[in-house]
Structure formats: structure tokens, C-alpha cells
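Participant: Modelling step: build the complete structure from the supplied sequences, incorporating the hints.
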Amino acid sequence: MKRLLSYIKKYKALVIIPFISMLFAIILDMFNPYLVKIIIDRVLKGREYSILNLVLLALAAITVGRAVLGYIKEYLSDLLAVRVAQDLKQDLFDHIQSLPFSYFDNMNTGELMSRIGEDVDNIWRTIAFGLRLFIENIICFVIATSILFYLSWKLTLFCIIALPPIAFLAMQLEKKIGQSFENISDHNAVLSTTAQENIAGVRLVKAFSREKHEILKFLELNKKNYDLNVEQSNIIAKYFPPMELFTNISIVLMISLGGILVIKDNISLGTLVAFNGYIWSLIWPLRMLGWLTNMLAQNNASAKKIFKILDLEPAIKDNEACVTTNTIKGDIEFKNVSFKYKEDFVLRDLSIKAKSGSTVAIMGTTGSGKSSIINLIGRYYDVQEGKVSVDGINVKNLCLKDLRSSMSVVSQDVFLFSDSIEANIRFGKEDATEEEIKEACRIACASEFIDELEEGFQTVIGERGIGLSGGQKQRISIARALVSDASILVLDDATSALDMETEYELLKNLHDKKNKPTTFIIAHRISAVKNADQIIFLENGHIVEKGTHSELLEKRGKYYEVYCEQFKDFEQVEGEVV
Amino acid sequence: MAKNTVKQDEDLKKLSNKEILFRLSRYLKPFKLKVAIVITLLIFVMGCALINPYLLKEAIDKYIGDKNIKGLLIIGVVMLSLNYIAMIASRFRINIMASITNKILVDIRHQLYSHIQKLSFSFFDNRPVGKVLARVIGDVNSLQELFANSITTLIPETLTLICTTVMMFYMNYKLALASITILPVLVIGMYIIEIEGRKRWQKYRQKRSNFYGYVHEDFSGIRVVQSFACEERTSKNFHDLLDDLMESFLKAVKLNDFFWPLVELSWGLGSVIVFWYSVKLYRTGSITIGTIVAFTWYITMFWRPIMNISNFYNTLITNFAAAERLFEIMDIKPDIATLENAVKMPKIKGQVQFKNVVFGYEDGTTVLDNVNFKVNTGETIALVGPTGAGKTTIINLISRFYDPNSGEIIIDGKNIKNVELDSLRSQMGIMLQDTFLFSTSIKENIRYGRLDATDEEVIAAAKAVSAHEFIMKLENGYDTEVNERGSRLSVGQRQLISFARALLANPRILILDEATSNIDTFTEKLVQMGIQKLLYGRTSFVIAHRLSTIRDCDRIMVIDEGKIKESGSHDELIKLGGLYYDLYMSQYKFLNEGA
Chain A
9 MKRLLSYIKK YKALVIIPFI SMLFAIILDM FNPYLVKIII DRVLKGREYS ILNLVLLALA
69 AITVGRAVLG YIKEYLSDLL AVRVAQDLKQ DLFDHIQSLP FSYFDNMNTG ELMSRIGEDV
129 DNIWRTIAFG LRLFIENIIC FVIATSILFY LSWKLTLFCI IALPPIAFLA MQLEKKIGQS
189 FENISDHNAV LSTTAQENIA GVRLVKAFSR EKHEILKFLE LNKKNYDLNV EQSNIIAKYF
249 PPMELFTNIS IVLMISLGGI LVIKDNISLG TLVAFNGYIW SLIWPLRMLG WLTNMLAQNN
309 ASAKKIFKIL DLEPAIKDNE ACVTTNTIKG DIEFKNVSFK YKEDFVLRDL SIKAKSGSTV
369 AIMGTTGSGK SSIINLIGRY YDVQEGKVSV DGINVKNLCL KDLRSSMSVV SQDVFLFSDS
429 IEANIRFGKE DATEEEIKEA CRIACASEFI DELEEGFQTV IGERGIGLSG GQKQRISIAR
489 ALVSDASILV LDDATSALDM ETEYELLKNL HDKKNKPTTF IIAHRISAVK NADQIIFLEN
549 GHIVEKGTHS ELLEKRGKYY EVYCEQFKDF EQVEGEVV
Chain B
4 MAKNTVKQDE DLKKLSNKEI LFRLSRYLKP FKLKVAIVIT LLIFVMGCAL INPYLLKEAI
64 DKYIGDKNIK GLLIIGVVML SLNYIAMIAS RFRINIMASI TNKILVDIRH QLYSHIQKLS
124 FSFFDNRPVG KVLARVIGDV NSLQELFANS ITTLIPETLT LICTTVMMFY MNYKLALASI
184 TILPVLVIGM YIIEIEGRKR WQKYRQKRSN FYGYVHEDFS GIRVVQSFAC EERTSKNFHD
244 LLDDLMESFL KAVKLNDFFW PLVELSWGLG SVIVFWYSVK LYRTGSITIG TIVAFTWYIT
304 MFWRPIMNIS NFYNTLITNF AAAERLFEIM DIKPDIATLE NAVKMPKIKG QVQFKNVVFG
364 YEDGTTVLDN VNFKVNTGET IALVGPTGAG KTTIINLISR FYDPNSGEII IDGKNIKNVE
424 LDSLRSQMGI MLQDTFLFST SIKENIRYGR LDATDEEVIA AAKAVSAHEF IMKLENGYDT
484 EVNERGSRLS VGQRQLISFA RALLANPRIL ILDEATSNID TFTEKLVQMG IQKLLYGRTS
544 FVIAHRLSTI RDCDRIMVID EGKIKESGSH DELIKLGGLY YDLYMSQYKF LNEGA
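Taken in sequence, the protein lines are chains A and B. Using the numbering used here, the first residue of the first sequence is number 9, and each one after it goes up by one. Using the numbering used here, the first residue of the second sequence is number 4, and each one after it goes up by one.
There are no misleading hints in this set.
Taking lysine-lysine pairs in the DSS-like style, the calculated list, with each CA pair at most 27 Å apart, reads:
| id | chain 1 | residue 1 | chain 2 | residue 2 |
| --- | --- | --- | --- | --- |
| 1 | B | K106 | A | K184 |
| 2 | B | K177 | A | K53 |
| 3 | A | K220 | B | K121 |
| 4 | A | K162 | A | K53 |
| 5 | A | K246 | B | K37 |
| 6 | B | K239 | A | K17 |
| 7 | A | K246 | B | K106 |
| 8 | B | K476 | A | K566 |
Hints listed in this document are in silico derivations from the structure and should not be mistaken for laboratory results. It should be emphasised that the depicted structure is a prediction, and the values quoted were computed from it without experimental measurement.
Facilitator: Laid out in C-alpha cells, this is it:
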């Protein structure tokens, strides 16, 4: 709550003005029943017709005043809430973006979405009217009670008898319904995740002909949703009508007992009618009590979740004295690096040296730690032992932004945004010229198929690039990496879906590129790694072989085995050709 | 729902409101009796509420005026019992109503979901998941509001309004007329707020959908964002979208906040008029004080329904848009469906034939141009060719994800158009290019291939594809959760798991679309040995770019520009010296020349 206040404090005027408007509106409101009493007692019963116009004028003035104040109060509260929500959302977004990969490894997108959506909106709502209503109700209640006691303490005491049950029921209702709302919202999340996965994986569902299974699974959740909703209605049915009843009881009590008091000449008829007006100011706050406390509780829960994220120190962040440089050449060195992911060692005592402009190829079995090497260069994770340095500087001492912007990574998991091809490529360099984009596409062997598309570079590609083949998606993501002309290029199994000829073409283009970047290639095809300056063969996080193509062939080790598997009948073909 | 990015607002074609209303009302039909009960109960409860002010007037005029304490107490008791009965009726009403609306909701959601399952690939090709999801969850939820409100708000509020008016006119028509003089001002004011406001809220909702679409994508692609060090740029985009969103909200709210002040103003000024006029009438002796007091109560009861109805109108319009979007999807006919007189596909032997097949994903484009081939039972076929040549398309057609524009696809002598889809696909093991895993345990992901498989069978499948070893290394073995889309595993590991899944289905025809492209050569070899025995005698189709994967296939078909250019065994094609030879030699060339 305190943290939230610091967000609100920025907009002092938007807090003070609505509050003052509210106060004045309430005060004006309290005059209303009193004026009615005057009309009945003095004008009607006392026949002082001359003051009628004055009283009516006052009533009209109060009405106008309340309307104006009411508008100011509502709009400015909304404005305040919007500004606070806006700040919160921006801070959350920026902060989430700064968190390291390890955070996202265990986090579903949906969960992050509900922080920035639902939770901030809860706070938004509370500030927009929850808090205001809460204060308004307390003030109303206090003033109304005082006036009622002033008018007739006897009648007030009688009427109050019915009030505690109202408050009790209201609290109970909210307690139960709050729980039920939570259940429904949790279940809705399950429902929505299930549907989301189903739709995202629709091709798989169809491939296995699992439509019926999916429908039944959903139907079950759907029915549970029904049960939860009906349960909630039962709670409402249990508590709401009695609340209504007690409200009416207190009015009946007021009329009957008040009537008796009038008959006994203890109070005037006008007082009784005015009573009728004030008593609502007493009942409404009580009825809303439960709802409001629940809202505040929700607000607190949401605030906690939000600040929990904001408090997360990014495990990987700039060193205080980090070195800025915009001329990274691309000399990379791994020195006795060991790296643990969770509990297990992924890399052990690994040393690699790559000169600027050279090419390092990494081969190895699935899960042997190939991608981890690459993640360490861009400092997406930190090493446990040893050090990784770029241009002789430990990456821990380089400014993250400089390090990462001098590096282009094409990951094995191609992710394209649902936008035009051009916008996707431009993601690599915002102010890229048309020539630069075209050149990147040429190197990535993407120009041809893009030109064949009806709308060319303006073709909108779907979420995760659906609508394009795997090879096409890979080439666009390679073009995206090339356009920035970074000094370090990483291709993490990024050519796996390309046919041999295209891959050959692409690698050749890369090789002939001006300002050739230091390149890391992870691949499984000999043809993709063969011409690297050094080839590293990984097994269980260890380097088992290292050298050039011909060196490794001579060694007759693992690399040679792979070579034979892939080219075993080449000699034979060669014989036929030559 | 056109294909669109997150930055574009969605446009809708218009169904007429009448049509929507008609289609919605059909859902209420099965509950006719219950709806009638609800309405009866509502009227009763309302009647009780309406009598309260009248009894108040009686109390003031007759009993307080006449100093009749006994009569006053009797009225009190009458009011209490009426309210007590009203409470019980309310309880019934709420319970019945909840069961009706929620049953309808389950119905609609089920229908929609089932319908979406039936839609073909072409429907999903161009639509972001989020936007389809918004239909299934968001739009259906807004219908709940619609059904609940239309019965519990519209009907009783309209009745309250009518009854209040009648009561007022019954008690004193002159005063009644005076109290509604302010009404036109209120109605016009509200009309403006509603009409203009609706446009603004619509704008806001569009902006909101764009905003969340953007955030969702940014978070899903966070690794890309970070690796390009683009945080500042995306943060700025976010800022602009957020700004758009909030400004559109403020614009809407600026108008909307006039609502309550306007109501208070009309109510307050209405009261002033009533007082002024009633004092005048009182002086001529034509009304009593009780009537005046009762009138002040009635006025409150008169404004409230007007407010609620106009509020309801607002949600109605919003929810109509939701209903429209739902019906739009429900009206899409799946391109691929089981024909009416389709027969069950018997156990597939594995003979596959393409006869003059022509196909294009969109009108006017041709991907496959008159393709003919025949595959015999037990053959392993490799499809080779440049990216975009149509390899995946052939596979999509065998699985009947799309229907050919012309020509026939025949399996075991049966045109696959004439068999039940379910019986066809359940006999195929398809591994798609885009490996998809559900965010559940590894075990459950593999089991998806055959839902009744035992744990042992699951493990056996994993062992066959050499996935067992790495799975056992994970902290919870087969019970390890793989996260969204399997993101905690490497792509190669995901491929192995989805391979195990396809294997578990015990398919009669196996289709592997670049299924091993991210698996290293050693593991791939182990996989091949592992599955050889299991799949002996079954027809399989393989798309791959690695020579070692292709070479051992019985037959290789080279596809280029939508046509089968060459077909034969590895040796035959090498001898032929055509496209395959060139393709093959490109590796070789690369080996020698170097780049």
C-alpha cells in the first residue's frame, strides 16, 4: 500500500481536488432531507408559504452544485487512476523486459499477462472509485448518524437495531463471494489456458485426430465452470434477499415507531420524512461495506503480486563500472568455463578462443550444451566458474546493451512477430535502409521467395510466422540478424530446415560478406560446419574434439564417425564422377 | 475476422441486430417454463416493492394523521410479511435464473469449441491464437452478462417503470404530469451519452485488444527482444500503445462521467418541480401530505429504472458485438468435413496414390501442379526439393488437412474424401514441422499419441527413439513439466518427444516432416534403428534435408515447382544425373570448394 502511495503522490492535485469536491458534495447532500423537512413542517403544516420559493431555490442550487462537483470528482478520480495505472504498467513492462532468461524459463506468458492486465486493473478500479466510495461512505455514515441523533435520538436507536444484521450479512456475502470469485477466476484461467493450447496446437490435435478428446476435456472444464457459477449464485441467493429484508425492516420500524412518536407529538411529521431521507445514507454504506472491503483486499493482493515482480533484481545486470564501447571487434574467449543450469552442470571446464572474423562451429548430441555456450556469450546466464570475455573484457564488466547489440542471434526456436516481413526484418535495425534490408535478404537467400509473395516485403506473416514453411521462417530470422551488421553472429541450428543447396548458398554468402562477423554455427550437417576455422565437438558439456575439418578427419574420432555416416558413399560417387 | 496483425483494429461485417436477437432468443427456448417462473417471481417481488410507498402514504395520512397506533402497527406487520415473502421469492428467482443462464453458457461455449475443432487448417493459417481465444473465452463471457441482464434487468425495470407511472397517475395525475416534465431533458441527455459514448467505448476496446496483443507477443518473443537489445524500442512502442489505450479510455470516460450528474440533476430538479407544484395543489386542498411524501419516494423509483435501462442498453450493444463475432465463427463451414455417406476407413495396408492432383492454398496460386504417384505398402518414401517446393503440401494432402482443387488421393483403393476423417487420421502418425508440446509432463505429452497407453508403453516408445536417457536426466524424469510449447527443452529434445508420441500411436502410415532436422546424426541413427523393427512393413513418408536421412529410403521423389521431377532409389537417381544428383552434389561441392 505504501509503495502504491508513492505512485499516487505524483499527482497531488488529482487527489486533493476530487477529495474537496467530494466533501462539499456530501455536505450539500445532507441539506436535502432537511429542506424537505422544512417544506413539510413549516410550509405545508405551518402554512409559511412565503419561504417556499427560497427553500426550492436552495434545493435547486444544491442539485446543480452537486452535479457540478460530482462531475469534477468522478472525472478527476478517473484521471488519477488512469495515470497511476499507466505508470504501473509501463514500469512493470520495462522491468519484466529486463529480467534474465532464467526467469522466463519457469514463467508462463499468461501469468505475466495477468500481472500487467488483471492486477493493475484491480488497482486502477480501486483508485478510480473504490477508495473514493470507501471514504465517501464513511463520511456519509458519520454525518448521517449525527444528524439522525440530533433529529431524534429515540427513533435513531430503534432504527439502528436492524443495521448490525445488514452489516453482518454484507460482510458474510462478500467473504463467501470473494472466495467464489477467486475460484471462478482461477478456473477461468485453466479454461483459457486449455483453449489457448488447443488452438495453438490445433495442427497436432488434428494430426492425431484428437478433436473428440479435446472437446470432452473442455466440456468437463466447462461444466465445472457451470457448477462454480451456480454456487456463486446460491451464495447471492442466500445473503442478498435477507439483506434487502433487513433494510426494509429498518424502514418499517422507522415508520411504525416514528409514526407512534409523531402521534405522541414527540417529533414532527417533517422530522419523520427527513428521517426517511437520512436513513438511506446510513443503510447504503453498510450494504456496500462488504463489497468495498473485498475490493480493497483484492487491491492489496494485486499490489503485492505487482511489487513482487518489481522487486526482483535482475540476476544479470550491468556492473556499476561497466565498460561502454560501440566498437566491439568480436574476439571471444572462454576460459575454463563451468556452467550449471539449476542443479546440473551443463558445461564443464570449457575453453574456446575465437579471433574476430573467424568462424567457430559446434557439433554435439542433443542436450550436450551447445546452446548454453551461445547463451553465455550474450550473458543471458552467468557462468559459475571461469570467465567469458569479448575483446579481452570479461562480459560481466561490459554494458549489457553494448554487448548484446553487437551480437545477432538466430535461435533454433524461430520467433517472428505478427507483422509485415519488412517490419520483422527491421526489428534487427530500426533505421535500416531499403538497401540494407534487401542486402540482408540476399545473403539469407530470402529475396527470391519474398519477391514471389503477392505483397512482397509488406506480406503480413502470422503469429510465429505461420503460413510460411520452416525454411522460409528461418531465412527471415537470419535476415533479421544480418541487417544489424553486428560483429558477432550466432546461428543456433538456424539452417536445419533449409535444403542443401540453399544452405550452401547462404553459407557462401556469409563467407563472402564484407566485415565478416565472428560467427558461431551450431549444426548437425557436416556441410554446414566443414569450412569453419575451428570445429568443436561437445559431449556432456565437455569438448571432446577441437580442430579444423581436415584435422578432425585425420583424428578419426567422433567427428569422423559423423562424417562417415553422412558421406559414406561419397567416395563411391566420387569415383563415378571423376 | 480477417487476417491481421496486433496493430490493426478488427473490423466486423454487420449482422442485423434483429438477426442477432433472434438467434440469441433461440437459446432461451428450451427454458420457456423456467423463464416464465422467473418472470412471475420478479413481478411479485416488484409488486411488493411498489406497494411500500403506497403503504407509507396510508400510514401517514390515515393512521398518523388520525393518531391510530393500532392501525399503524398493523400496516407495519403487513409490510414486514410482504417483504419476507418477497425475500423468499427473490431467492428462488436468483437460483433458477443462475441455472438457466449458466446452462445456456455451457451450451454456447461447447458448441463454439466443438465447431472450432472442426474447422480446417485454412481457418487457423491467418489468425493469431489470441484473437480466436478472445472469442471462446471473452465473448462468451459477455453473453453471460447479456442473458442474465436481459431477464433480470430489462423486464423488471420496464415493469417497474410502467407500474410506477401508473401508481403516480392513479394517486394524482396532475402531480404525475408535473414530475415527468423533466424527463425529456434526461432522455435526450442520456441518448447523446449513449450514442456518442458507444463509439468511444468501441474505440477503447479495439485499443485494448491491440495493447494486449502486443504485450502478449512481446513476452512470448522476449528472447528475441533481449537478444537484439531492443528493449528501449519495444518499451517505446508499449508506451505509445498504452498512451493510445488510456487516452481512448479518458475520452470515453469524459463523456460517461456526465451520466450520474445528469441523473442527479434531473432527479433533483424534478423534485423541486414536484414540491413546488404539490404545495400549490396542497393549498387548494386537492392532495394530502401523505401523497406528497409517497410521491417523493415514487420519483426515486421512477428514475432508477430509466437509469438502469439506459445502462442496460449500453451493455446490450457491447454484447451484441460479442454475439456477432461468435455467430460469425459458427457460420464458417469447415472446408474439410466427413461426407454424409462416408465409410469407415478399414485398417490401412499402406498403398497411397495421387491421381492428377492440383492444389493451391489460395485461389489463383498453384502449389501442386498435376501430381501423380503411387506408393506401395511398406515403402519408405523421401520427399526432397527446395524449400517451398510443395513437400509439406503433399503430406498435408495425404493427411487430408486440405482437399485438392482437383484430382484424387487414394489410400488402399479408397478416395480419402469418402472416408470418415477420424478413421483416417487415427491410423496415421504425423510429425509436423512445427513441433508442438503441451505444457504438461513429458509422460502426458507422449501419451497423447495413444490415450490409453500404459506408463510402460510410454517408456518403451521413448526408448525406441533414444529419448529415455535425457528424460531420465531431468529432475522429475517422465513427470517433468515441459512449460509452454515445451520451451524448457531444446528443439532436438522436443523433436524426440514428439517422435515418441507419433510412434506410440502405432500408425499404419508414418509421416515425418523434417522431424529430425534438429537432432544430431548419432542420435538420429539410434532413432532409425530403434524404430525399424516397430514400423516394419508400414508405409512412411519422410521430408528431410540431411543426406544420411534420405539415402536409405526405398524411393526418393524430387519435387520442384509443384511437380514430381524425379523418382527412384538413391542409386538410380544418382545415375540419372538430374536434379537429385545436383542437390546431392551441392553438399559434395561444398565439401570440396569450400565457401
